[in-house]
Amino acid sequence: MSIVRVTKEVVFLYKIILQLLVSGIAMGFVYGLVGIEYTLIWNSTGLLNFSHERIIMLGAYIFAGSFVLQTGLSVLPAIVATIIAIIFFAVFVAYTIFIPLRNMSALCAIMSTVMLGNIINESVRLYYGPEAITVKGFLTGMIRIGTLVVARAYVVIIFVALIILALLLLFMMKTKTGKAMRCVAQNKNASSLMGIDVQKNMMITIAISFSICSIIGLLVIPLYSVKQSMASMISLKGFAAGVIGGFGSLPGAIVGGLFIGIIENIAGMIFPSTFKDVVAFVCLILMLLLRPSGILGKKRIS
Amino acid sequence: MKRTFSILLAMMLLLTVLAPSVVASEETIKIGLLATLTGYPLNGEHMAKGAQMAVDEINEAGGILGKKVELDIQDVGNTTDVGINSCNLLISNKVVSIVGPHYSSTCLAIENLINAAKIPMLVGGTSPKIAKIDNDYLFRIRASDTMQAVAAAKYLVEGLDAKNVAILYGSDDFGTGGMEIASEHFSSVGVDWVAHPFNNEDTDVTTQILKCITSGCDSVMIWATEAAYPIVARQLYELGLIVPTITNPSLAVDSCLAQLEQEWVEDWYCVTDFLTSNSEEKVQNFIKAYEAKYGTEESVDLHCAAYYSGVKLVADAIERAGSTDTDAIRNALMETKDFEGIIGTMNPNENGEFIHEIILAQCNDLKVSYIKTIGE
Amino acid sequence: MFSRKHTRKIYAVLIIAALAFPLISNNTYYITMLCLAFIYMIVAFGLNFITGMTGQVNLGTAGIFCIGAYTSALLTTKTFISPWLALLVVILFGFVIGIALGYPSLRLKGVYLSLTTIAFGEIVRQLVNNMTDFTGGAHGVRAIPPYCLFGFELNTKLRLYYFLLAVTIMFGLIAYRIIYSKWGRVFTAIRDNIDAVDTCGISSSKVKIIAFTLAAVFAAIAGGLYAHYSGYINPSTFTLNLSVSFVVMVMVGGSGTVLGSVLGAVLVSILPEMLRFLGNYYQIVFYILVFICTILIPNGIVNVFLERQKTKALPEKN
Chain X
8 MSIVRVTKEV
18 VFLYKIILQL
28 LVSGIAMGFV
38 YGLVGIEYTL
48 IWNSTGLLNF
58 SHERIIMLGA
68 YIFAGSFVLQ
78 TGLSVLPAIV
88 ATIIAIIFFA
98 VFVAYTIFIP
108 LRNMSALCAI
118 MSTVMLGNII
128 NESVRLYYGP
138 EAITVKGFLT
148 GMIRIGTLVV
158 ARAYVVIIFV
168 ALIILALLLL
178 FMMKTKTGKA
188 MRCVAQNKNA
198 SSLMGIDVQK
208 NMMITIAISF
218 SICSIIGLLV
228 IPLYSVKQSM
238 ASMISLKGFA
248 AGVIGGFGSL
258 PGAIVGGLFI
268 GIIENIAGMI
278 FPSTFKDVVA
288 FVCLILMLLL
298 RPSGILGKKR
308 IS
Chain W
1205 MKRTFSILLA
1215 MMLLLTVLAP
1225 SVVASEETIK
1235 IGLLATLTGY
1245 PLNGEHMAKG
1255 AQMAVDEINE
1265 AGGILGKKVE
1275 LDIQDVGNTT
1285 DVGINSCNLL
1295 ISNKVVSIVG
1305 PHYSSTCLAI
1315 ENLINAAKIP
1325 MLVGGTSPKI
1335 AKIDNDYLFR
1345 IRASDTMQAV
1355 AAAKYLVEGL
1365 DAKNVAILYG
1375 SDDFGTGGME
1385 IASEHFSSVG
1395 VDWVAHPFNN
1405 EDTDVTTQIL
1415 KCITSGCDSV
1425 MIWATEAAYP
1435 IVARQLYELG
1445 LIVPTITNPS
1455 LAVDSCLAQL
1465 EQEWVEDWYC
1475 VTDFLTSNSE
1485 EKVQNFIKAY
1495 EAKYGTEESV
1505 DLHCAAYYSG
1515 VKLVADAIER
1525 AGSTDTDAIR
1535 NALMETKDFE
1545 GIIGTMNPNE
1555 NGEFIHEIIL
1565 AQCNDLKVSY
1575 IKTIGE
Chain E
575 MFSRKHTRKI
585 YAVLIIAALA
595 FPLISNNTYY
605 ITMLCLAFIY
615 MIVAFGLNFI
625 TGMTGQVNLG
635 TAGIFCIGAY
645 TSALLTTKTF
655 ISPWLALLVV
665 ILFGFVIGIA
675 LGYPSLRLKG
685 VYLSLTTIAF
695 GEIVRQLVNN
705 MTDFTGGAHG
715 VRAIPPYCLF
725 GFELNTKLRL
735 YYFLLAVTIM
745 FGLIAYRIIY
755 SKWGRVFTAI
765 RDNIDAVDTC
775 GISSSKVKII
785 AFTLAAVFAA
795 IAGGLYAHYS
805 GYINPSTFTL
815 NLSVSFVVMV
825 MVGGSGTVLG
835 SVLGAVLVSI
845 LPEMLRFLGN
855 YYQIVFYILV
865 FICTILIPNG
875 IVNVFLERQK
885 TKALPEKN
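Protein chains in written order, with our numbering: chain X, 8 to 309; chain W, 1205 to 1580; chain E, 575 to 892.
Please keep in mind that the hints were generated in silico from the structure rather than gathered at the bench. Cβ atoms here follow ideal geometry from the backbone N, Cα and C, with glycine treated the same way. There's no promise every hint is true.
Far from chain W, by Cβ distances over 10 Å, these chain X residues were calculated [unchecked claim]:
#1 V11
#2 A88
#3 I91
#4 F96
#5 I170
#6 T182
#7 R189
#8 S199
#9 M201
#10 L230
#11 G275
#12 R298
Stretches of chain W that chain E covers, calculated by requiring three or more beta carbons in the stretch to come under 8 Å of a beta carbon on chain E [stated by the list, open to error]:
#13 1210-1216
#14 1312-1324
#15 1447-1457
For reference, chain X alone in the conformation it holds in the complex:
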């Protein structure tokens, strides 16, 4: 084999790996955002929100179905309106379900959030109908960097995820409410003794978490269009991302998401491509068995 041909093949392989990295990183940020969104609720209430898949879907439906297609708002006001609507919904859910449930057994908590998700799912089907919808031209298009192709949606996803992470960290470190949230995450009894309104705190956390859900829903519209099953895989892989990165840690969720996103794309190239979706779950189990505290985690689970 001539050297020219070998170099050609190496360059080709390099291009492919680069392309895979791009989509892996973008998907990784989506998984990471999902990880952040459920970690917030977990830290504040000790509940695992199994309905987050449906909240993501609900956000996308409210945006595309109600605001863009029915009322004909343009994109930016529609995004704001969606987030406001979801926050109202979050406050309602917080006071009717999450706050009363926080003292129940893990079993009840898990099952009631699963059932809440099913109810949301069926309501969406009955209200918006069974057909998938989409917002034409929303975040579509692509950017070429040399031979590398990057979808505009991917770029937006990466930027928005980083902004959300930065804002959240700032909020947690600098503001009073954010500091209170960290206190509640560490010890609920002690923080209520210190004069922190734990219930209000939970409500705020849930509102933040649900708005992140709706933002995820918006971001993936150009990728999957709006349909009921749009978030089923990203929500499960988001769980995996949170655990792999380090349960309870926000930067950890992003690291875990990136880890899964990249690993599964590379694995899809080596193994038959349908086994790609198994990779995230195998990683999850291996991580839990070998290093339960995750990549960034410090303390061990007890």
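Chains W and E: place on chain X using the hints.
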């Protein structure tokens, strides 16, 4: 207080289970429809609307054998267990025949039930496995995957001069079936092919498409359910694999096209059994009638047309049989000759397959236009 | 309201009713529905040991059920061995999976375990769906032969019904004996206070593995029965939704009791069917009912009626 309420709630739940089911009157002829109304993927609403329209037309024209027709719609949820239950429910409701279900896996799960109950069932499942089943009461009212995939594969090779084909297919029963048939055809005519599957829930198909590109393919064939198209079409375009592409009927479904951008699918070909732009008179009349009934916002697709034709076919068979005896209906169905269905002329072969023609169409500017009809 | 003595009478009434049911109505619709409910009951009996008694949320039961079903189906359709012989293999598989899933449960608690089991179920489903050459992939496995009993093929729904009823009663009896045995008491003790268990000199890890193994064997056997009941299986049945339904059975019926599992299985498999008259709304009404139950009667319907001393409320967190 809470305890009393709990007891009341518990009692209520128990009573609901024991409540008797609704008994229907004997005066009508009942036709069952098995549709995917809940669960995923959803298309039961269109099936139900199409079938209901057929029933209403029949009743307006005076019914069959002097009796009114009643449509018994049950949800199959697209899982085997719910499918078995709803099929048994239809049988116990004394339907004279069943139209649907749409998905092959549900058909396979319930075909032994209708065989035992001796009730003819007209399914829309396109899997080649259905034709291989020895079941006298099983009929198919859509073109089989064998036909569709072979037609698509043939056109790629003969019409588009493909030498090296990449098949991208969904890993469900539908996609796998299409891939197997098409790849067999490619092998038999000596065309190189590679096949890469993706899961229906897949979030990203970059790896699959890159694998196709590395194989140096000069054309692409896609065989998957509607849900996959927004992802696959977009990424094919973005990653620059713009070569002659042919797909299964999903592309011609309006609700699927509505999710795609124009440049993603420009000049793509597809095979389909129903096309709204088909200029044939019966098709245009059907679309007009459908829009008059349900409004113009409703998109007319092959689900409406196929099950509308299915119900009409059953009504015709009952009329010819002169009775509602299920065996007589079954025989009448087998003796059908040149029944004009919306999705083609219906003639049963020995396996109970009614449709033997398929439309080849091309997508331009998000409009799918008719090219030609291909016979078996 | 009812004591343990009363519950025995209830069991007797239920068994007689189940035996007599086909005499009153031989509608295939109801018979098949009950057959499925019987199979689900066996799963619920097993899951009760982990989720109902030990208090660990297992959301991967569909995976075990799936392995049981596919093992039996593939062995009987590909190697043509008797379903009974296949059942032995299924039990062996259940045993192995139980131990394999039990070990992580020693290190993981609460949500970690739920996530691990979800991952397990998802891996099994994806593998079964994509190992096309071996499992038949999404096409599923067709023409699975029925069980044979004393030369009778269990090929009619009625024979199947009585066979499944007998098997279910047998497993119900086993479950009942286990619940009221030393093991059963340790299971509940682990849920209530794991440190106390260890202090008493009982190895809590050994007991947890026993609970997992029992549950896995029950689920695998039920899976094997399911394959031969249905005659056709495909991967789309064994989703996370099915795992959730199993947990709902244990929870809504009444955790910690056999009667609860019976009731739960009947409710989950029959209630949606009975709600069909609601048309488009039947699923949402079903979910809302289950949701209300989980919030208002978290210990399950049966425990509302049972005497309080036997089943104390699930412990509060922290």
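Checked hints:
no.	hint	verdict
1	V11	holds, 18 Å
2	A88	holds, 23 Å
3	I91	holds, 27 Å
4	F96	holds, 23 Å
5	I170	holds, 22 Å
6	T182	holds, 34 Å
7	R189	holds, 32 Å
8	S199	holds, 25 Å
9	M201	holds, 32 Å
10	L230	violated, 7 Å
11	G275	violated, 4 Å
12	R298	holds, 26 Å
13	1210-1216	holds (count 4)
14	1312-1324	holds (count 5)
15	1447-1457	violated (count 0)
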